[in-house]
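**Student:** Protein sequences, first through last, are from chains A and B. Taking the working numbering, the leading residue of the first sequence gets 1, the next gets one more, and so forth. Taking the working numbering, the leading residue of the second sequence gets 1, the next gets one more, and so forth.
No wet-lab data here; the hints were simulated from the structure. These figures come from a predicted structure and were not determined experimentally. For each residue, glycine too, the CB sits at the ideal point set by N, CA and C. Some clues are possibly wrong.
[To be verified] Label-pair ranges, simulated between beta-carbon atoms:
1. B:GLU153 with A:SER14: 55 to 65 Å
2. A:GLY121 with B:ALA89: 22 to 32 Å
3. A:THR205 with B:GLY50: 51 to 61 Å
4. A:GLY53 with B:GLU153: 42 to 52 Å
5. B:LYS31 with A:GLY121: 22 to 32 Å
6. A:ARG51 with B:GLY50: 23 to 33 Å
7. B:ALA89 with A:GLU60: 24 to 34 Å
8. A:GLU215 with B:ASP232: 48 to 58 Å
9. A:GLY121 with B:THR86: 20 to 30 Å
10. A:ALA117 with B:LYS31: 28 to 38 Å
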Amino acid sequence: MDNSLIEYWNTFGSYVPGLLYSCMIVMEIALLSIFLSWILGLFAALGKNSRLGVLRRPCEFYIWFMRGTPSLIHIFLIYFALPQFGLAFSPFVAGVIALSIGSGAYVAEVFRSGLSAIPRGQGESAQALGMGPVLTMRRIVLPQVVRIIVPSLTNEAINTLKNTSLLSTITVLELTLFTQMAIAATFRPFEFYIAAALLYLVMTTLLSQFANWHEKRYTLHI
Amino acid sequence: MESRPEESGETGDLLRLVDIRKSFGETEVLKGISLSVRHGEVIAIIGASGSGKSTLLRCVNLLETPSAGEIMFDGKPVDYRRHGATWKAAGAMKRLRTSIGMVFQSYNLWPHKTVLENVVEAPINVRRIPPADAISQGEALLESIGLAEKRNEYPSRLSGGQQQRVAIVRALAMDPKMMLFDEVTSALDPELVGEVLDLMTSLAQQGMTMLVVTHEMGFARHVSRRTAFFCDGEIAEIGPSRELLSHPRDERTGEFLSRVLHHL
Numbered sequence: 001m002d003n004s005l006i007e008y009w010n011t012f013g014s015y016v017p018g019l020l021y022s023c024m025i026v027m028e029i030a031l032l033s034i035f036l037s038w039i040l041g042l043f044a045a046l047g048k049n050s051r052l053g054v055l056r057r058p059c060e061f062y063i064w065f066m067r068g069t070p071s072l073i074h075i076f077l078i079y080f081a082l083p084q085f086g087l088a089f090s091p092f093v094a095g096v097i098a099l100s101i102g103s104g105a106y107v108a109e110v111f112r113s114g115l116s117a118i119p120r121g122q123g124e125s126a127q128a129l130g131m132g133p134v135l136t137m138r139r140i141v142l143p144q145v146v147r148i149i150v151p152s153l154t155n156e157a158i159n160t161l162k163n164t165s166l167l168s169t170i171t172v173l174e175l176t177l178f179t180q181m182a183i184a185a186t187f188r189p190f191e192f193y194i195a196a197a198l199l200y201l202v203m204t205t206l207l208s209q210f211a212n213w214h215e216k217r218y219t220l221h222i
Numbered sequence: 001m002e003s004r005p006e007e008s009g010e011t012g013d014l015l016r017l018v019d020i021r022k023s024f025g026e027t028e029v030l031k032g033i034s035l036s037v038r039h040g041e042v043i044a045i046i047g048a049s050g051s052g053k054s055t056l057l058r059c060v061n062l063l064e065t066p067s068a069g070e071i072m073f074d075g076k077p078v079d080y081r082r083h084g085a086t087w088k089a090a091g092a093m094k095r096l097r098t099s100i101g102m103v104f105q106s107y108n109l110w111p112h113k114t115v116l117e118n119v120v121e122a123p124i125n126v127r128r129i130p131p132a133d134a135i136s137q138g139e140a141l142l143e144s145i146g147l148a149e150k151r152n153e154y155p156s157r158l159s160g161g162q163q164q165r166v167a168i169v170r171a172l173a174m175d176p177k178m179m180l181f182d183e184v185t186s187a188l189d190p191e192l193v194g195e196v197l198d199l200m201t202s203l204a205q206q207g208m209t210m211l212v213v214t215h216e217m218g219f220a221r222h223v224s225r226r227t228a229f230f231c232d233g234e235i236a237e238i239g240p241s242r243e244l245l246s247h248p249r250d251e252r253t254g255e256f257l258s259r260v261l262h263h264l
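Put together the whole structure using the sequences plus the hints.
**Tutor:** Spelled out as structure tokens, the structure:
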């Protein structure tokens, strides 16, 4: 009993700091990508809703292309294909770009559904008071949209966090790649994959708990 | 009683509309509306739904861009054709809208802001009034309609009548020269209509210039000096309210009134 515990510790203990560190990489990439996808998504949504073709058509194409193609292809396109045109990024940067543009397309559709849920009169009454389009969007429409779409944004954020594991294919030393390396050294796939799964679970749960807290705090009155 | 001349002089007009037209696609909703509103005058607009009453109001503050026609407000022509296209035009539109308050059928209070926040939002962010001043003005306005103690409530906690009165006060907080009312009592439960009409009546008595689209014939008769009857995108008849409502000249007005008043 004691011996086997010590044996376990000898096998796995030395990997604990590495596992935790690779979780930090996951969080770093995920939070950056989530933040960027919100900004991209917001502008793509406004663009797709625009009456101006020059704004609308590129946004439509972006959303259509990104939603219809696999994340892994986005990652490979950015990391392996763009250097062909002299655009080379580090694995980390390529990963953040790929995840944010991919998720941004989904976030755009989330924003659009939120925008369509706000009655037209909300913006009209602001405009009738002399508020311009930007002020109306920022002060009146978006705060209401955000409250509505928090659950969908959370879903998409969780997806983005999980998709960071795809970056193991372009040598980003995040949790999945670290796990694979640990398994290669120890031949203990079960323990390490379970450990990785649990660590992902902790991170996604933290994310959704944060969203729950935010939702409770800000959506009381709608 | 009606000793004032109906044909208003050029100088007394706060708002002058000349041959306003508006089409949505193939449908011409406004077929050339001309109307002058003098300082301090209250005009009621009645007519069947779809006759263009609301569209006209929305053309006045450019929530809709007219397809043709002239708008003069406070002695200046409104250049709506370039509305928002240039910074200058956007500024002109902002000035127009801050001078004209509008109240909607569905209140359109902002649900994520408290009553007081609703009232002070535009004064602070559009008129650039210092927040402390805007708040004390807003509280005074809420006090005047007996809703001061609701200032920190969210709109969803108020009755429809209270919400609509807050919406009126929100527009008044911009210190407008004119108010547009778009069927503001139509969404209210019958017992709540009175409090809103009372507020509008007291505004009229204080000399506010008002253009009121309404189905409240009592309000039209007793508060508005003139009433315009809209039919198919045109003013079929306009005249002193009592005269028009009691002895309509146009047979379409008579028909409409008999349909509306039939239920009383």
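**Student:** State for each hint whether it applies.
**Tutor:** Outcome of the hint check:
The hint said 55 to 65 Å for the Cβ distance between GLU153 (chain B) and SER14 (chain A), and at roughly 60 Å that hint holds. The hinted range of 22 to 32 Å is satisfied by GLY121 (chain A) and ALA89 (chain B), whose Cβ atoms lie roughly 24 Å apart. For the pair THR205 (chain A) and GLY50 (chain B), the beta carbons lie near 54 Å from each other, so the given range of 51 to 61 Å is met. For GLY53 (chain A) and GLU153 (chain B), the hinted distance range of 42 to 52 Å is satisfied, since their beta carbons lie about 44 Å from each other.
Under the hint 22 to 32 Å, the C-beta atoms of LYS31 (chain B) and GLY121 (chain A), about 26 Å apart, fit the expected range. Checked against the hint of 23 to 33 Å, the C-beta distance between ARG51 (chain A) and GLY50 (chain B) comes to roughly 25 Å, which is consistent with it. Checked against the hint of 24 to 34 Å, the C-beta distance between ALA89 (chain B) and GLU60 (chain A) comes to roughly 29 Å, which is consistent with it. The hinted range of 48 to 58 Å is satisfied by GLU215 (chain A) and ASP232 (chain B), whose Cβ atoms lie roughly 49 Å apart.
Look at GLY121 (chain A) against THR86 (chain B): about 27 Å separates their beta carbons, and that is inside 20 to 30 Å. Separated by about 35 Å at the C-beta atoms, ALA117 (chain A) and LYS31 (chain B) satisfy the suggested range of 28 to 38 Å.
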